[in-house]
Amino acid sequence: MQISLRKRRITLEISQLLVPMYGRDNLEWDPEDYNWIMIKQFWLPKGWVNKCSASPCYNTSYTPLLIEIPAGYPSVAPQNFYAEQQLQCGTDFIGHYFDRPGTGTSQNKYTDKGWAWLCIHVLSWESKTNLTKGDNLLTICKLIFDILSDKRNVRRNYYTG
Amino acid sequence: MKYTIVFPEKVFLESRKFLLRDPNNEQFGYLLAGVSELEGEVRILVHTFLPAREREDLEYQSTGGICPSPRFQMKVYSICKKNGYHLIDTHSHPFDASGNVRFSGIDNKYEFGNGREGVFGFTAMWNPGMYHASIVFGQNSLDARIYRPDIRRPVPVDEIQVLRKIAPTSVLLLRHAKREIVPKGTILSSFFGNGRVEKKASVGTYGAGFGGNLDLLYSRQILAFGKAGQASLSSTTVAVVGAGGLGSIVVEALARLGVKEIICVDNDKIESSNISRVLGSQFQDAKKRIEKVKVLERHVKAINPDIRYTPVIDTILNPRALESLRCADYIISGTDTYSSRLVLNRFSIQYLVPYIDLGFGMETDGKHEKIVSAGGKVITIIPGNWCFHCLNEIDQRELQLELMRKEDRERQVSRGYISGVDIPNPSVIFLNMTVASLGICEFLNLLVPFKERSNYIFYDMLSTKLWSIKVKQDPECPVCSPAAEILGRGDLLALEDIRDSEQIRNFPKNM
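Chains as they are written, first to last, in numbering that gives the first Met the number 0: chain A, 0 to 160; chain B, 0 to 510.
Mixed in with the good hints, there may be bad ones.
To be verified - Simulated crosslink set (PhoX-like; lysine-lysine; CA at most 20 Å straight-line):
id, chain 1, residue 1, chain 2, residue 2
1, B, K259, B, K1
2, A, K132, B, K471
3, B, K508, A, K50
None of these hints come from the bench; they were simulated from the model.
Please model the complete structure; the sequences and the hints are all you need to start from.
This is the structure:
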């Protein structure tokens, strides 16, 4: 039986980094191919409200967050993540960036499943054997929080991290 | 079946130093290893040395004998069973300076003398599937054997290779080896069991197309490297990844140098724009859209019909194509992409195969009328030292673009993040030839050393300057550091596809 280093690494990151941070019950992941991990209630930065009335997080500062894990992980950084379709920042919905249904040019194949798509343009990424010394799924979660914190950049549809 | 043991230099020197540290007492230690099972050959890939350093590690120790304690034995056997490792018992005969060290009667009795009661028989029963070998180190030679459970006795190991990063004279063993056969300081310093040095490739069949007259064919090279150097070349298999502007030059050079076999990997077809740079390509090839590796096959066979040439029409990102490299002694890549570097770098570390990476770049002014910068790099990875990851030169954005799915690419184009149009880079044959020649020179220097090695060469074409850059291993490197547990693991680790599937992912429904 051959070992998949990718699966071993993701399992380690989940157990050592994500579970302590978000709690086991708050996490769900692809049990076979480890292609995604979901944080059921991801705390949003100040100013953000979940306006999806069907969501258990309605009118709160939480969203479900799904991170797509690339096949080349951990050498390749995640770049796609998905969140609630009706997130509101101040008085704005950021339709273009979130690529919600009905925004005209949607190419998001997961709108029917209730997901809005965002992407991260990671320019620098260094994974290390010591999980805490390098980049990992937790640093991606923190990066997503930072992206959402910088509302101005989100509105410009621009981010480099 | 041929049995080969491959050592990273660091592990070889560490184990040898420990085992010969005391001229009055034998020493003992275990080597943990991965394996690469090939057709007709088993390569045992050493990665870790566990010395019997403590008093409780040994049952007894004297000038003429040594035995590990049952506790130490079981501890190591359990590590192997748990992790899927293979095992080599090592001990020393410090009194033997003959240059022809042999296993003693005591060694035979301990290892297999009493049939299934020997350690070989025990581990074969307790952990079936584990290769169990043993090496005895003398002052000036070594001997090795491996247990065959099917015949219930050990057979000699055919070859021991040491992957070396430093100048040849610093390795004591080579200086004391039988000089007349081993090319001085060869990177894969090879030894047969019973301290005998490797028999070089038979020239009886090789060169048949030239009436077996290799001296005539390679007479000028033999004047440079000697007959032993030429024999090393003609017993070497080289995998060339990429059959374009760089790779085709490398393939032609290898064919003319007279290597045993070339494995060439590329999935591209010849286009008219390739003819200015891809050696062996012709106008008709572009018209018929012939695969580059097929064009090179014709070219190699025209140069020397005796060279074995294996075309692999696939991208190296496909694990199946990568697997075809397992029988290579060296890898030379001219693909110049981050994704191929990523997989080849890990493959090199995992299977202990030295890897030379070639790359070049050229920039012109806005009007494409004048070259404003141009140059190249030749990077040589010797497993056990540092690797491509340690350089921290992987451009994450470029890497993501190379690996991007069609769907993601379309999304990013629609958002204006990327242009969606492939803009060709400027490329000219003389720059390719310069970089490829530098790479071939480093390859030859690995095989038949004639100069101090430059593991990272940077070439600036406009200033006509070359730099040799020193690199250190990143102790936290996720590929080559011991903690990464990739070095020498061979078949234990799956060769994974780093390309995301084009299929729709199995995302859960939100809520």
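The hints, checked one at a time:
At roughly 17 Å between alpha-carbon atoms, K259(B) and K1(B) fall within 20 Å of each other, so this suggested pair holds. The straight-line distance between the Cα atoms of K132(A) and K471(B) is roughly 18 Å, inside the 20 Å bound, and the hint therefore holds. This hinted pair checks out: K508(B) and K50(A) have alpha carbons roughly 18 Å apart, not beyond 20 Å.
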